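With the hints as extra help, turn the sequences into a complete structure.
The lines below spell out each chain.
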Amino acid sequence: MGEGPRRGGAISDLWERWQLASARVPFGAKNAAVWVVLFALIAFFGNAAGFDLQWIRDNLRYILGGLPYTAAIAVGGIVLAITLALLGALARLSRNAVAYGVAGFYVSFFRGTPLIVQMFLIYLALPPVGQNLAEKYTWLPEGFDEALILEAATAGTIALGLNYGAYMTEIFRAGIQSVAGGQGEAADALGMTYAQKMRKVVLPQAFRVIIPPTGNEFIAMMKDTALVSFLGVTAASAEVFRRSQLVGKADFKNLEAYVAVAMIYWGLTVLFTFFQSRLEARVGRGYDRQHVVRAMQAQEPH
Amino acid sequence: MPRDVVVRLDGLHKSFGHLEVIRGVDLEVHRGEVVVVFGRSGSGKSTMLRCVNFIEDPTAGVVEVAGIRLEGGYRTRRKREQIRQLRLHVGMVFQQFNLFPNMTVLDNVTCAPRCAGRGTDKDVTRRATDLLDRVGLADKAREHPIRLSGGQQQRVAIARALAMEPDVMLFDEPTSALDPELTGEVLGVMKSLATEMHMTMMVVTHEMGFAREVADRMVFVHDGRILEEGPPDQLIASPEHAETRAFIDAVL
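Chains A and B, in that order, are what the protein sequence lines are. Under the numbering used here, read the first sequence as residues 656 to 957, first letter to last. Under the numbering used here, read the second sequence as residues 23 to 274, first letter to last.
Bear in mind the hints are in silico, worked out from the structure with no lab data behind them. Here the structure is a predicted model, which is why all the values come from computation and not from measurement. Don't be surprised by glycine CBs; every beta carbon is placed ideally from N, CA and C. Certain hints may be false.
[Stated by the list, open to error] Each pair of labels, with its calculated beta carbon distance range: (1) A:Val753 with B:Asp201: 46 to 54 Å; (2) B:Gln107 with A:Gly759: 30 to 38 Å; (3) B:Glu262 with A:Val753: 47 to 55 Å; (4) A:Ala850 with B:Asp201: 31 to 39 Å; (5) A:Phe775 with B:Arg97: 39 to 47 Å; (6) B:Asp255 with A:Val753: 51 to 59 Å; (7) A:Arg750 with B:Asp143: 32 to 40 Å; (8) B:Ile168 with A:Thr809: 42 to 50 Å; (9) A:Val753 with B:Thr81: 22 to 30 Å; (10) B:Asp143 with A:Pro681: 52 to 60 Å; (11) A:Ala726 with B:Thr126: 30 to 38 Å; (12) B:Ile168 with A:Pro681: 35 to 43 Å.
[Stated by the list, open to error] Below 27 Å or equal to it, Euclidean Cα-Cα: the simulated BS3-like pairs (lysine-lysine) are: (13) A:Lys852 with B:Lys162; (14) B:Lys144 with A:Lys852; (15) A:Lys904 with A:Lys878; (16) A:Lys855 with B:Lys101; (17) A:Lys878 with A:Lys908; (18) B:Lys101 with A:Lys852.
[To be verified] Which stretches of chain B does chain A cover? Using the computed rule of at least three CB atoms under 8 Å from a CB of chain A, they are: (19) 108–121; (20) 130–137.
Structural data, given as structure tokens:
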């Protein structure tokens with residue numbers, strides 16, 4: 656765009672001087688200033704809206720008491736998801752039609768239905784299945800009618816693991832396929848078994864590709880643990896979101912309660928994003944370009 | 023007394039879909055023999071070599087290695103295990119080296135014998151170190167393959183294959199991915215395998231100098247068949263077929 660006709664000389668001069676001064680401030684400093692201003696605005700309006708900081712101080716300990724449950728659900732969920740994703744990916748890559756078909760069914764169903772529906776299926780729809788089967792088939796072991804009645808946290812963890820495992824099956828499959836075909840051929844030619852080839856050659860190389868997106872999935876899952884609260888958990892064993900709901904409702908302090916729990920999730924996410932970026936740098940180390948350049952320099956005197 | 027046959031190919035056929043790459047190959051390789059396989063790109067020479075240890079499963083025909091006879095053209099659980107047993111007798115060196123980048127040089131060499139339970143950890147490590155010494159890379163044992171030159175990587179790959187104490191070594195264009203000044207060190211190691219260890223070798227290569235010097239027999243593959251074979255001096259100097267002559271003239 657060309658320069659338009661000058662209007663209001665004094666303002667335009669001021670604007671010009673402002674821009675020149677601004678250009679001398681590093682971008683990072685400006686970015687930080689924007690964050691500070693945004694937090695200040697939130698604090699100002701929060702104060703104006705009667706935000707009760709004292710209430711948060713009084714109740715934070717109780718809400719944070721849910722962290723171990725949140726963490727347990729997230730960690731349990733991711734462990735289950737990784738296990739299923741590994742099995743699913745190997746099945747999707749196998750020539751065994753049964754394994755391939757079962758894995759395809761699993762991925763399709765759990766990607767094709769909402770996570771919250773899956774949670775209710777496991778928590779509320781499975782118990783009647785157990786009861787009805789136990790009534791119909793009396794030879795089933797005693798206690799079968801109650802075997803499918805799960806704790807809310809357990810049902811939630813299983814649902815999270817199944818759901819994320821379905822998505823991660825695709826991540827793992829792509830990671831395994833990213834390992835060059837010659838690697839598998841070399842392992843085959845050396846007479847390794849399928850298990851040895853996978854464990855020693857293919858998977859260690861695939862994990863380099865798999866770890867970063869798995870970190871993303873873990874962060875996403877940590878936030879989805881909040882959905883477990885919909886299954887209704889007793890106040891004592893509730894995760895952070897359920898706890899904030901309970902105390903917020905009781906004291907009519909919904910604003911404070913939800914802001915507090917949002918900050919907790921946000922903090923956790925920032926923390927894990929930091930660890931994840933460090934982990935990513937670590938697993939990429941043996942392959943990064945700088946490393947290769949150094950290696951090439953090392954072999955220069957030939 | 024006829025010499026011991028290590029590799030026998032009998033009516034070997036291999037198709038990829040509708041494309042018939044190997045159209046009936048019969049070949050015997052005897053113990054201690056070095057056979058150089060050559061031919062135009064796309065002639066099927068590499069596929070033929072890869073059928074020996076079932077990296078490619080033959081469509082039809084019989085492969086026999088160290089007394090293990092296997093028919094191509096089907097795949098069952100039992101055959102998979104038989105293929106693995108056969109592979110324990112065959113070492114293979116690839117054009118692209120295919121070293122395991124996630125392991126050190128030493129672990130590359132010890133990995134397979136360890137998997138196969140060949141002796142104690144100490145024995146396996148000692149033999150691997152000896153082999154790395156033989157290919158001139160004992161000082162690189164703790165390095166990762168990415169830090170080695172192409173020629174060094176290929177020598178490690180040879181040591182890795184030798185660690186399984188194979189009855190036959192297959193070389194699939196072992197110097198084609200190397201810069202010209204690095205081919206010599208690899209060919210030198212291969213030559214010492216033939217002359218000092220009397221290793222049975224099948225080598226797909228265009229290195230006519232190596233063939234003339236080391237090979238006992240040369241095999242010219244054309245259109246998925248063995249067109250002619252013979253001692254290197256005779257085959258290079260006076261080939262019977264026009265195709266062979268044209269190819270030799272092109273690479274010499």
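Hint by hint, here is what the structure shows:
Restraint check, valine 753 (chain A) to aspartate 201 (chain B): a C-beta distance of roughly 48 Å satisfies the suggested window 46 to 54 Å. Checked against the hint of 30 to 38 Å, the C-beta distance between glutamine 107 (chain B) and glycine 759 (chain A) comes to roughly 33 Å, which is consistent with it. Against the hinted window of 47 to 55 Å, the Cβ-Cβ separation of glutamate 262 (chain B) and valine 753 (chain A) comes to about 54 Å, which satisfies the hint. Range check, alanine 850 (chain A) to aspartate 201 (chain B): about 37 Å between beta-carbon atoms, so the 31 to 39 Å window is met.
Take phenylalanine 775 (chain A) and arginine 97 (chain B): their Cβ atoms lie about 44 Å apart, and the range 39 to 47 Å holds. For aspartate 255 (chain B) and valine 753 (chain A), the Cβ-Cβ distance of about 57 Å falls inside the hinted range of 51 to 59 Å, so the restraint holds. A hinted range of 32 to 40 Å for the beta carbons of arginine 750 (chain A) and aspartate 143 (chain B) is consistent with their spacing of about 35 Å. Between isoleucine 168 (chain B) and threonine 809 (chain A) the CB atoms are about 45 Å apart, so this pair conforms to the stated range of 42 to 50 Å.
About 26 Å separates the C-beta atoms of valine 753 (chain A) and threonine 81 (chain B), a value consistent with the hinted range of 22 to 30 Å. Taking 52 to 60 Å as the suggested C-beta distance range, the pair aspartate 143 (chain B) and proline 681 (chain A) conforms, at roughly 56 Å. At roughly 37 Å, the beta-carbon separation of alanine 726 (chain A) and threonine 126 (chain B) lies within the given 30 to 38 Å, and the hint holds. At roughly 37 Å, the beta carbons of isoleucine 168 (chain B) and proline 681 (chain A) sit within the given window of 35 to 43 Å.
Straight-line distance between C-alpha atoms of lysine 852 (chain A) and lysine 162 (chain B) comes to about 24 Å, which keeps the hinted pair within the 27 Å bound. A threshold of 27 Å between alpha carbons decides the hint, and for lysine 144 (chain B) with lysine 852 (chain A) the separation of about 22 Å falls inside it, so the pair holds. Of the pairs offered as hints, the one joining lysine 904 (chain A) and lysine 878 (chain A) holds, with about 21 Å between alpha carbons and a cut-off of 27 Å not exceeded. Under the criterion of a C-alpha separation no larger than 27 Å, the hint pairing lysine 855 (chain A) with lysine 101 (chain B) is consistent with the structure, at around 23 Å.
Our distance criterion of 27 Å between C-alpha atoms is met by lysine 878 (chain A) and lysine 908 (chain A), whose separation comes to about 22 Å. Annotation: proposed proximity of lysine 101 (chain B) to lysine 852 (chain A) holds, straight-line Cα distance about 18 Å (limit 27 Å). Chain A is given as covering the stretch 108–121 of chain B, and this holds because 9 residues of the stretch bring a CB closer than 8 Å to a CB of that chain, at least three being needed. For the stretch 130–137 of chain B, the stated coverage by chain A holds: 3 residues have a C-beta nearer than 8 Å to a C-beta of that chain, and at least 3 were required.
Consistency with the previously given hints is maintained throughout, with no hint failing.
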